[in-house]
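Each chain is listed here by its residues.
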Amino acid sequence: MSAKVLVVDDASFMRLNLKNILESEGFEIMGEGTNGQEAVQLYQAEKPDVVTMDITMPEMDGLAAMEKIMEIDPQAKVIMVSAMGQETYIKKAIMSGAKNFIVKPFKKEKIIETLNKVLAS
Amino acid sequence: MAKNQQIQLVTFQLSGEKYGIDILKVHEIKRLKEIGITHVPRAPEFVEGVINLRGAVIPIIDLGKRFVLENKKADKETRIIVVKQEDKYIGLTVDRVNGVLTVEEEVIDEPPREISQINSFFISGIARYNERLVIVLDIGNILSPREDEALSKIAR
Amino acid sequence: MENIDFEKFKKLFLQEADEQLEIMEKAVMQLEENGEEREIIDEFFRMAHSLKGSAGSMGYTAIANLTHEMENVLDKLRNSPGILSDDIIDLLFISLDTLKHLREIVEKDLPETENPEIDHLLQRFREITSRGDEKKAAAVDKKIYLTSQELKNLKKKNEEKNVFLISFELIHQQEMQSMVAFLVFNNLKEEGQIIKTYPPHLDEVEGDLPFFSMLICTEKQKEEISRVIEESLDREEFKIHSLEDIENGKAGGYCQEVKESFSRRDESRDSIRVDIDKVDQLMKLVGELVIDKERLLEISKGIKANSRDNPEAQALLQTIPHVDFIATELHEAVMDIRMYPVGSIFKRFPRLIRDISRQTGKDVKLEFSGEDTELDRTILQEVFDPLVHLVRNAIDHGIETPAQREAKGKTSRGLVALNAWQEENNIIIEVRDDGAGIDSEKIKSRALEKGLITEKKGEEMDRESLLELIMEPGFSTSETVNDLSGRGVGMDVVRTNIENLDGEVEITSQPGVGTSIKIVLPLTLAIVQALMVREKGNDYAIPLSAIFETIAVNNNNRGEVIKTVKSREVVIWREQVIPLIRLSEFFQLGNSHEEGFLIIGGVKGRMVAIMVEGVIGEQEIVVKSLGDFMGKDKLFGEIPGISGATIKGNGKVALILDIQGILKSFKKGGESVERQSTGC
Numbered sequence: 023m024s025a026k027v028l029v030v031d032d033a034s035f036m037r038l039n040l041k042n043i044l045e046s047e048g049f050e051i052m053g054e055g056t057n058g059q060e061a062v063q064l065y066q067a068e069k070p071d072v073v074t075m076d077i078t079m080p081e082m083d084g085l086a087a088m089e090k091i092m093e094i095d096p097q098a099k100v101i102m103v104s105a106m107g108q109e110t111y112i113k114k115a116i117m118s119g120a121k122n123f124i125v126k127p128f129k130k131e132k133i134i135e136t137l138n139k140v141l142a143s
Numbered sequence: 014m015a016k017n018q019q020i021q022l023v024t025f026q027l028s029g030e031k032y033g034i035d036i037l038k039v040h041e042i043k044r045l046k047e048i049g050i051t052h053v054p055r056a057p058e059f060v061e062g063v064i065n066l067r068g069a070v071i072p073i074i075d076l077g078k079r080f081v082l083e084n085k086k087a088d089k090e091t092r093i094i095v096v097k098q099e100d101k102y103i104g105l106t107v108d109r110v111n112g113v114l115t116v117e118e119e120v121i122d123e124p125p126r127e128i129s130q131i132n133s134f135f136i137s138g139i140a141r142y143n144e145r146l147v148i149v150l151d152i153g154n155i156l157s158p159r160e161d162e163a164l165s166k167i168a169r
Numbered sequence: 002m003e004n005i006d007f008e009k010f011k012k013l014f015l016q017e018a019d020e021q022l023e024i025m026e027k028a029v030m031q032l033e034e035n036g037e038e039r040e041i042i043d044e045f046f047r048m049a050h051s052l053k054g055s056a057g058s059m060g061y062t063a064i065a066n067l068t069h070e071m072e073n074v075l076d077k078l079r080n081s082p083g084i085l086s087d088d089i090i091d092l093l094f095i096s097l098d099t100l101k102h103l104r105e106i107v108e109k110d111l112p113e114t115e116n117p118e119i120d121h122l123l124q125r126f127r128e129i130t131s132r133g134d135e136k137k138a139a140a141v142d143k144k145i146y147l148t149s150q151e152l153k154n155l156k157k158k159n160e161e162k163n164v165f166l167i168s169f170e171l172i173h174q175q176e177m178q179s180m181v182a183f184l185v186f187n188n189l190k191e192e193g194q195i196i197k198t199y200p201p202h203l204d205e206v207e208g209d210l211p212f213f214s215m216l217i218c219t220e221k222q223k224e225e226i227s228r229v230i231e232e233s234l235d236r237e238e239f240k241i242h243s244l245e246d247i248e249n250g251k252a253g254g255y256c257q258e259v260k261e262s263f264s265r266r267d268e269s270r271d272s273i274r275v276d277i278d279k280v281d282q283l284m285k286l287v288g289e290l291v292i293d294k295e296r297l298l299e300i301s302k303g304i305k306a307n308s309r310d311n312p313e314a315q316a317l318l319q320t321i322p323h324v325d326f327i328a329t330e331l332h333e334a335v336m337d338i339r340m341y342p343v344g345s346i347f348k349r350f351p352r353l354i355r356d357i358s359r360q361t362g363k364d365v366k367l368e369f370s371g372e373d374t375e376l377d378r379t380i381l382q383e384v385f386d387p388l389v390h391l392v393r394n395a396i397d398h399g400i401e402t403p404a405q406r407e408a409k410g411k412t413s414r415g416l417v418a419l420n421a422w423q424e425e426n427n428i429i430i431e432v433r434d435d436g437a438g439i440d441s442e443k444i445k446s447r448a449l450e451k452g453l454i455t456e457k458k459g460e461e462m463d464r465e466s467l468l469e470l471i472m473e474p475g476f477s478t479s480e481t482v483n484d485l486s487g488r489g490v491g492m493d494v495v496r497t498n499i500e501n502l503d504g505e506v507e508i509t510s511q512p513g514v515g516t517s518i519k520i521v522l523p524l525t526l527a528i529v530q531a532l533m534v535r536e537k538g539n540d541y542a543i544p545l546s547a548i549f550e551t552i553a554v555n556n557n558n559r560g561e562v563i564k565t566v567k568s569r570e571v572v573i574w575r576e577q578v579i580p581l582i583r584l585s586e587f588f589q590l591g592n593s594h595e596e597g598f599l600i601i602g603g604v605k606g607r608m609v610a611i612m613v614e615g616v617i618g619e620q621e622i623v624v625k626s627l628g629d630f631m632g633k634d635k636l637f638g639e640i641p642g643i644s645g646a647t648i649k650g651n652g653k654v655a656l657i658l659d660i661q662g663i664l665k666s667f668k669k670g671g672e673s674v675e676r677q678s679t680g681c
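Residue numbers (this note's numbering), protein chains in the order written: chain A, 23 to 143; chain B, 14 to 169; chain C, 2 to 681.
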């Protein structure tokens with residue numbers, strides 16, 4: 023039974039990249055969101071096992087989206103994907119309940135490891 | 014350059030003329046007899062002395078003497094108006110206190126000489142009330158020791 | 002954070018920062034004097050480290066950055082002995098100055114602006130740190146420090162729960178290490194109480210953080226904690242130690258016990274910090290209490306007479322003396338709080354001396370004595386600036402250059418001494434130097450030049466008065482400041498400042514040998530013992546401390562006691578001839594009586610006999626200042642001889658006489674004092 027991942031990022035390249043990496047390691051991509059609002063909708067429609075959430079996105083940013091998702095499901099497992107220097111956001115996200123974070127650009131091993139850790143918790 | 018606004022004045026008399034002080038500056042009014050004024054030796058002519066006002070020692074000046082007016086002897090009508098200026102209290106003795114007046118105030122830069130016996134340095138404005146004029150005093154200048162400088166500045 | 006909270010934190014931050022800065026300054030001076038000493042460097046490091054932590058958590062990035070770099074350099078000094086150089090010491094001095102400046106900015110809520118100087122400083126620090134061995138600058142001493150008391154408390158906690166020290170080393174994670182730390186911190190918070198962290202305020206740290214540790218008290222077991230951490234980190238990246246490990250020294254140097262008094266000042270007594278406003282309020286209330294208890298005493302005199310059969314009155318009469326006693330004790334206790342040792346300002350001088358000596362090219366040593374002498378705290382604050390001025394003058398224009406000194410046969414190093422002691426009812430603070438001294442003859446000629454005195458006056462003046470001329474405003478005008486006029490620079494301001502404190506400045510000097518400038522301050526307690534006297538219907542108070550003796554004068558003994566010399570009245574007292582001043586004449590109240598009392602008062606060398614009508618008795622009085630309206634340029638102008646007022650038991654005001662002031666005024670003018678009548 024493979025874990026279901028919801029990938030959220032406004033850059034299609036990033037989504038593609040993640041999709042490749044994750045699927046090659048046996049993860050199932052159950053949905054792709056291009057902004058925060060879509061992320062929340064997709065989460066509500068079908069609960070994934072874990073979410074990778076980009077921070078800077080139009081319409082609704084990753085932080086707001088994560089908070090909304092936590093409201094819907096306090097047990098939600100969200101991993102924030104950030105660029106260098108977004109420490110304040112990361113901090114806020116962690117305080118709001120994000121389980122972990124990774125920094126772009128990330129190595130394949132790193133994202134897999136993080137996903138596994140979060141899923142195991 | 015006239016400004017019309019309402020202010021409340023405590024009005025009093027000195028040598029027959031009527032004066033007023035902004036009520037916001039007046040802290041209280043005391044009878045002369047109530048308190049013993051302690052004389053301060055070798056002080057300027059207009060200084061009456063000092064008194065105990067609830068534990069603080071405050072100066073009392075004879076406003077008439079300050080204005081160099083014809084002096085009236087103290088009697089039972091004499092009052093001490095305690096004013097507050099910049100966190101300090103000072104008592105001013107006056108011939109009698111009339112009451113509180115609410116007036117429109119017209120501020121005049123140079124009060125004509127005939128208006129008052131006292132130096133315009135001490136005047137902050139003139140108030141009209143029922144055909145009468147009440148001279149509104151500038152407390153800050155009255156209490157200023159540098160009056161001589163100021164006097165010489167004002168062309169007389 | 003709400004405004005109120007932030008203000009409180011800010012205040013606390015500033016208080017702690019001041020202490021830390023002081024200790025650091027002391028440390029750097031010691032390093033300069035004694036060279037490298039491990040303990041001093043450690044202490045310096047600890048202070049910089051604490052300051053960095055608190056500054057970081059308060060958001061004062063400039064301070065945090067600077068202390069961070071200082072910390073790095075100090076760390077390097079610790080680990081690589083022998084690299085301490087003058088360069089580094091200078092840098093440390095400059096950075097302390099910069100920190101003080103930044104502290105000011107914090108206090109005044111000014112925005113932190115770009116400061117190229119600070120950047121330069123940081124750059125230089127980094128250069129030093131990266132010199133040579135980079136790797137070593139890593140985590141040897143990134144420890145959690147615990148005092149013995151804290152360790153004891155932890156042991157107690159360990160009895161019921163589990164105390165763990167978790168040390169982290171982020172090998173795999175290179176970016177946003179502080180965020181990882183925050184993540185772990187956040188998670189562990191749910192599992193127990195996090196008591197201490199390295200670095201302190203772990204949740205506020207930003208940037209690189211390869212090493213950190215946490216001390217946690219939890220009900221969970223080691224395995225559970227481990228699992229929680231593994232949600233975010235790999236097993237190799239952390240280690241959990243128990244309290245026993247810490248005690249047995251097996252905690253790998255992540256935690257260390259520290260003697261508390263090591264870095265605190267003189268902790269021979271327990272102390273607390275109190276806002277000065279609270280002390281002032283306390284003093285005010287005690288003052289009022291004393292007035293009221295005097296009233297009670299007076300009232301009780303009235304009761305005594307008619308109340309033999311009244312039990313309540315009797316009870317009152319018994320209680321009042323006790324209230325009197327308590328009020329007096331309370332007064333003394335509160336006064337004691339306000340008294341501060343002079344040493345607290347003296348200790349700011351070594352640094353000052355060093356700077357001034359450097360600037361002027363003189364070599365000067367500082368000594369002090371009497372640091373324990375106590376003064377009212379507010380007076381102490383006021384006296385600091387004048388003292389700095391005097392010291393500056395002494396070094397600038399008093400002490401000669403090493404070459405000049407050697408030519409004169411003196412030691413090339415000059416001496417400036419700050420001495421404090423109590424003399425009768427004054428506190429004397431002296432600035433003494435062994436420099437060139439001041440030639441009173443030269444002063445006379447210059448004063449004549451400047452038109453400050455006439456030829457005649459110059460002849461009459463004694464040495465002391467001549468020397469005091471350097472304090473006249475006209476003496477040292479700016480043209481060319483040579484050593485003579487230089488000593489007078491700003492002295493008029495010094496004198497005014499000291500006189501505002503009711504004090505005096507005395508100068509003595511020996512050309513070629515040295516100079517002594519004394520600041521004489523009265524022990525003005527707000528509540529004093531006074532003698533009440535009466536003159537022409539008014540009561541006056543004379544502080545007992547200024548009175549030597551009271552002599553009754555009547556028709557019988559008058560001829561013995563009062564003499565006339567050169568048409569001035571004098572009194573023969575204990576073989577001294579002292580001037581007589583009749584109070585009623587001095588105050589222009591009219592002619593004085595033939596009979597009355599002589600109040601012999603003053604200080605040694607400046608005594609006077611003041612004649613009054615009557616003496617009422619001794620009494621404790623509360624001194625009320627008249628400074629609001631009495632004094633130069635004030636409403637009443639200057640009134641000689643009056644130093645304040647007090648409120649009597651009956652509610653009326655009595656003026657307080659200033660014996661020194663009366664004497665001074667008498668010396669200056671005197672027409673009102675000379676008796677008109679001939680003979681006596």
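Bear in mind the hints are in silico, worked out from the structure with no lab data behind them. Don't be surprised by glycine CBs; every beta carbon is placed ideally from N, CA and C. Misleading hints may appear alongside valid ones.
What the hints assert, rightly or not - Derived pair list, reagent style BS3-like, types lysine-lysine, alpha-carbon separation capped at 30 Å:
| no. | chain 1 | residue 1 | chain 2 | residue 2 |
| --- | --- | --- | --- | --- |
| 1 | C | Lys302 | B | Lys86 |
| 2 | C | Lys221 | B | Lys78 |
| 3 | A | Lys129 | C | Lys564 |
| 4 | C | Lys537 | B | Lys43 |
| 5 | C | Lys197 | B | Lys97 |
| 6 | C | Lys223 | B | Lys43 |
| 7 | B | Lys78 | C | Lys223 |
| 8 | A | Lys114 | C | Lys285 |
| 9 | B | Lys86 | C | Lys653 |
| 10 | C | Lys653 | A | Lys114 |
| 11 | A | Lys114 | C | Lys9 |
| 12 | C | Lys240 | B | Lys97 |
| 13 | A | Lys99 | C | Lys101 |
| 14 | C | Lys221 | B | Lys97 |
| 15 | C | Lys285 | A | Lys126 |
| 16 | B | Lys101 | C | Lys653 |
| 17 | C | Lys240 | B | Lys78 |
| 18 | C | Lys240 | A | Lys130 |
| 19 | B | Lys38 | C | Lys9 |
| 20 | A | Lys132 | C | Lys12 |
| 21 | C | Lys27 | A | Lys139 |
| 22 | C | Lys285 | B | Lys86 |
| 23 | B | Lys97 | C | Lys653 |
| 24 | A | Lys114 | C | Lys221 |
| 25 | B | Lys89 | C | Lys9 |
| 26 | A | Lys99 | C | Lys197 |
| 27 | A | Lys139 | C | Lys190 |
| 28 | C | Lys537 | A | Lys139 |
| 29 | C | Lys285 | B | Lys89 |
| 30 | A | Lys139 | C | Lys223 |
| 31 | C | Lys633 | A | Lys99 |
| 32 | C | Lys11 | B | Lys85 |
Claimed, not checked - Computed far set for chain C versus chain A, every beta-carbon distance over 10 Å:
| no. | residue |
| --- | --- |
| 33 | Leu184 |
| 34 | Gly438 |
| 35 | Glu586 |
A quick look at each hint next to the structure:
1. Lys302(C) <-> Lys86(B): Since the Cα atoms of Lys302(C) and Lys86(B) sit roughly 37 Å apart, the hinted pair is violated (cutoff 30 Å).
2. Lys221(C) <-> Lys78(B): Cα-Cα ~86 Å, so violated.
3. Lys129(A) <-> Lys564(C): Not satisfied, since the Cα-Cα distance of roughly 108 Å exceeds 30 Å.
4. Lys537(C) <-> Lys43(B): OK: Lys537(C) and Lys43(B) at ~26 Å, within 30 Å.
5. Lys197(C) <-> Lys97(B): 55 Å, violated
6. Lys223(C) <-> Lys43(B): Not satisfied, since the Cα-Cα distance of roughly 79 Å exceeds 30 Å.
7. Lys78(B) <-> Lys223(C): With Cα atoms ~89 Å apart, Lys78(B) and Lys223(C) exceed 30 Å; violated.
8. Lys114(A) <-> Lys285(C): 50 Å, violated
9. Lys86(B) <-> Lys653(C): At roughly 23 Å apart (the allowed maximum being 30 Å), Lys653(C) and Lys86(B) satisfy the hint.
10. Lys653(C) <-> Lys114(A): Since the Cα atoms of Lys653(C) and Lys114(A) sit roughly 67 Å apart, the hinted pair is violated (cutoff 30 Å).
11. Lys114(A) <-> Lys9(C): Answer holds: Lys114(A) to Lys9(C) is near 25 Å, not above 30 Å.
12. Lys240(C) <-> Lys97(B): 70 Å, violated
13. Lys99(A) <-> Lys101(C): 47 Å, violated
14. Lys221(C) <-> Lys97(B): 67 Å, violated
15. Lys285(C) <-> Lys126(A): 65 Å, violated
16. Lys101(B) <-> Lys653(C): Since the Cα atoms of Lys101(B) and Lys653(C) sit roughly 19 Å apart, the hinted pair holds (cutoff 30 Å).
17. Lys240(C) <-> Lys78(B): Between Lys240(C) and Lys78(B) the Cα gap is close to 88 Å, so the pair fails against 30 Å, i.e. violated.
18. Lys240(C) <-> Lys130(A): 27 Å, holds
19. Lys38(B) <-> Lys9(C): Given pair Lys38(B), Lys9(C) is violated - Cα atoms ~35 Å apart, limit 30 Å.
20. Lys132(A) <-> Lys12(C): Given that 30 Å is the threshold and the Cα spacing comes to 44 Å, the pair is violated.
21. Lys27(C) <-> Lys139(A): Cα-Cα ~50 Å, so violated.
22. Lys285(C) <-> Lys86(B): Given that 30 Å is the threshold and the Cα spacing comes to 38 Å, the pair is violated.
23. Lys97(B) <-> Lys653(C): 21 Å, holds
24. Lys114(A) <-> Lys221(C): 27 Å, holds
25. Lys89(B) <-> Lys9(C): 55 Å, violated
26. Lys99(A) <-> Lys197(C): Since the Cα atoms of Lys99(A) and Lys197(C) sit roughly 29 Å apart, the hinted pair holds (cutoff 30 Å).
27. Lys139(A) <-> Lys190(C): Status holds; Cα separation ~19 Å.
28. Lys537(C) <-> Lys139(A): Given pair Lys537(C), Lys139(A) is violated - Cα atoms ~97 Å apart, limit 30 Å.
29. Lys285(C) <-> Lys89(B): 36 Å, violated
30. Lys139(A) <-> Lys223(C): 19 Å, holds
31. Lys633(C) <-> Lys99(A): 77 Å, violated
32. Lys11(C) <-> Lys85(B): Outside the cut-off at roughly 59 Å; violated.
33. Leu184: Violated: least Cβ distance 5 Å, not greater than 10 Å.
34. Gly438: Since the minimum Cβ distance to chain A is about 65 Å, Gly438(C) lies beyond 10 Å and the statement holds.
35. Glu586: With a cut-off of 10 Å, Glu586(C) remains clear of chain A, as the shortest Cβ separation is near 80 Å.
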